[in-house]
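**Q** Residue numbers (this note's numbering), protein chains in the order written: chain A, 1 to 163; chain B, 1 to 163; chain C, 1 to 163; chain D, 1 to 163.
It is worth saying that the hints were derived from the structure and are not from the lab.
Even for Gly, the Cβ is constructed at its ideal location relative to N, Cα and C.
A few of these clues could be false.
For the chain D half of the interface with chain B, some residues (derived, Cβ under 10 Å), not all of them [as the list claims (entries may be wrong)]:
no., residue
1, R68
2, T83
3, G84
4, G86
5, D87
6, G88
7, I136
Computed beta-carbon distance windows for the label pairs [said to hold, decoys possible]:
no., chain 1, residue 1, chain 2, residue 2, range
8, B, G131, A, T148, 19 to 27 Å
9, D, Q139, B, G131, 53 to 61 Å
10, A, E18, C, R3, 51 to 59 Å
11, B, D129, A, T148, 28 to 36 Å
Protein chains: 4
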Amino acid sequence: MSRFIVGVMGGGETAAAEHCKMAYHLGKLIAQKNWVLLNGGRPAGVMEASARGAKDNGGLTIGILPDRDSRFSSEYIDIAIATGMGDGRNYINILSSHVIVALPGRAGTISEIALALKNNKNVILLGFDTGSLFNIYQQSGLLHPVSTPEEAICVIDNIRKKQ
Amino acid sequence: MSRFIVGVMGGGETAAAEHCKMAYHLGKLIAQKNWVLLNGGRPAGVMEASARGAKDNGGLTIGILPDRDSRFSSEYIDIAIATGMGDGRNYINILSSHVIVALPGRAGTISEIALALKNNKNVILLGFDTGSLFNIYQQSGLLHPVSTPEEAICVIDNIRKKQ
Amino acid sequence: MSRFIVGVMGGGETAAAEHCKMAYHLGKLIAQKNWVLLNGGRPAGVMEASARGAKDNGGLTIGILPDRDSRFSSEYIDIAIATGMGDGRNYINILSSHVIVALPGRAGTISEIALALKNNKNVILLGFDTGSLFNIYQQSGLLHPVSTPEEAICVIDNIRKKQ
Amino acid sequence: MSRFIVGVMGGGETAAAEHCKMAYHLGKLIAQKNWVLLNGGRPAGVMEASARGAKDNGGLTIGILPDRDSRFSSEYIDIAIATGMGDGRNYINILSSHVIVALPGRAGTISEIALALKNNKNVILLGFDTGSLFNIYQQSGLLHPVSTPEEAICVIDNIRKKQ
Chain A
1 MSRFIVGVMG GGETAAAEHC KMAYHLGKLI AQKNWVLLNG GRPAGVMEAS
51 ARGAKDNGGL TIGILPDRDS RFSSEYIDIA IATGMGDGRN YINILSSHVI
101 VALPGRAGTI SEIALALKNN KNVILLGFDT GSLFNIYQQS GLLHPVSTPE
151 EAICVIDNIR KKQ
Chain B
1 MSRFIVGVMG GGETAAAEHC KMAYHLGKLI AQKNWVLLNG GRPAGVMEAS
51 ARGAKDNGGL TIGILPDRDS RFSSEYIDIA IATGMGDGRN YINILSSHVI
101 VALPGRAGTI SEIALALKNN KNVILLGFDT GSLFNIYQQS GLLHPVSTPE
151 EAICVIDNIR KKQ
Chain C
1 MSRFIVGVMG GGETAAAEHC KMAYHLGKLI AQKNWVLLNG GRPAGVMEAS
51 ARGAKDNGGL TIGILPDRDS RFSSEYIDIA IATGMGDGRN YINILSSHVI
101 VALPGRAGTI SEIALALKNN KNVILLGFDT GSLFNIYQQS GLLHPVSTPE
151 EAICVIDNIR KKQ
Chain D
1 MSRFIVGVMG GGETAAAEHC KMAYHLGKLI AQKNWVLLNG GRPAGVMEAS
51 ARGAKDNGGL TIGILPDRDS RFSSEYIDIA IATGMGDGRN YINILSSHVI
101 VALPGRAGTI SEIALALKNN KNVILLGFDT GSLFNIYQQS GLLHPVSTPE
151 EAICVIDNIR KKQ
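Just chain A, same shape as in the assembly (with noise of 0.2 Å):
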């Protein structure tokens, strides 16, 4: 059977040093949990941090780039997918994914929470407050709020008790 994913989402070039700092120890979580990380693959924010957690800790990184040559790649990405469709990739990223975790970011960030939902993915909002927005996703069990890397590992483990 191939692996269990974790998709980690989140702000790129604009992510906030903070948010990279809880992306990193994010990553290092699912490495320590033999969990293969994917995220976007660009050099940048959210997703080279929580790579380089990942690798730092021995783990796996899948990257599904937007790009049309894998070269774009973060270094700390293992495996580059080239999608060559930009924006497009978004949707490959979420259904690739196993579960997701959202950190802060902007309309890319959000295009994945809502595709995650739309196709009945569970979502873990780490430290990202999406407003009412998603209120009846939240009703129906998908969407789960938290506040540390570890909290977003234990809803994951729950996640797959029950699946």
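On the provided structure of chain A, position chains B, C and D as indicated by the hints.
**A** Positioned in the frame of chain A, the structure of chains B, C and D alone reads:
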């Protein structure tokens, strides 16, 4: 030069009757302007209602389908584009529209608003309160909340003058 | 019901003058039949020539662009669909066309013939000798070699009668 | 830097036993080189055989699935990328592979060879006679006909030295 395309997004099977009525009226106004109406092409909710409003008034309608087969399109769609990409087609909806009008919807519609803003497209929110999530884009002038189809048309006219 | 779409494929920048002339004539015949012409939308070769032939004769033309921006389309395209997917859009060309006519081309055109046959679409080879590679599909009746645009139209008429 | 990926293409359900055997051996050799094997991910034909050959020899395997759900992947796939794009995913197979080996196949495989050549990728034809259709690319040095998996590996080694 290719024709001016207005993308109309919003709820599918879950759309309320009042929003479908508003979508029908918007489709009528778009047709009267001789603009092309583009939507997700399925025979449901805001999509079907907006296409019907345009067709009843001599407009041209384009449906970007998630399906592999154009036979799944609404009967009010003139040109059915079969993408075979599921919700991945939301990205094509956005890129192909010169401006987007979003009526109330769930995660699918929210993903389209987000992808539009990410790709620097003007988004008119027609009776759709998205809370504070997209505030940063309202400040940059890309997000336009309005209450009536007439106001939506007026905003589009103003955007066209600037382009 | 949505309109009948004929996809016209063939060489871009490398297309020979005689093939562009044939594409122009084919576009004219498609328009006279009141069918919609669909192609790759770029201002080059068989694409541009077929769209011009249709436009000069009152037809409607759809261009499925590889680009993120519809401004890159040929001036003879009425409806520009911006996919942002590069050659990935070849799949959409095929799925959206009810039947495909392929004039001589290189790898791009061959990929479209192959994707069409894979997806059970009829392909008319107009002056394009593809050797023995697709023999199996000729035996199954999906591949139709012809020499003139008039013959291509005749084959399409026959296909429509059977559907 | 991300790892070197060899794409292995070829027939699915219709693949002959001898080609599956050759695919298994190729997968083994790719794994022994410590390269990553990428294919279309489905549990059939050349795809499954090549992945099994790699897995039996400690390799890492990536499957780019046409499906929306990674549960449809072959059991010999480590990392299942669910694209939800049907045959549209053939484009991603090509862009993500640094070099492609094509065993005999039908239209799907031919579309991948064509997309690869269009995007300037080296294609090794392993026991696959494509006739004269791609002659122009053989002259430009992108197309490499070979008879055995060992020769394929040798060609890849030479390509890597030049890059």
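**Q** Hint by hint, note whether the structure agrees.
**A** Okay, the hints, checked on the actual structure:
1. R68: Hint on R68 of chain D: holds, closest Cβ of chain B at ~6 Å, below 10 Å.
2. T83: Where the cut-off is 10 Å and the nearest Cβ of chain B is about 8 Å from T83 of chain D, the hint holds.
3. G84: Nearest chain B Cβ about 4 Å off; hint holds.
4. G86: 4 Å, holds
5. D87: Constraint on D87 of chain D satisfied, holds at 8 Å.
6. G88: Constraint on G88 of chain D satisfied, holds at 6 Å.
7. I136: Hint on I136 of chain D: violated, closest Cβ of chain B at ~30 Å, above 10 Å.
8. B:G131 / A:T148: 19 to 27 Å: 25 Å, holds
9. D:Q139 / B:G131: 53 to 61 Å: For G131 of chain B against Q139 of chain D, whose Cβ atoms are near 60 Å apart, the range 53 to 61 Å holds.
10. A:E18 / C:R3: 51 to 59 Å: 54 Å, holds
11. B:D129 / A:T148: 28 to 36 Å: 31 Å, holds
Against the hints set out earlier in the document, a violation occurs for number 7 only.
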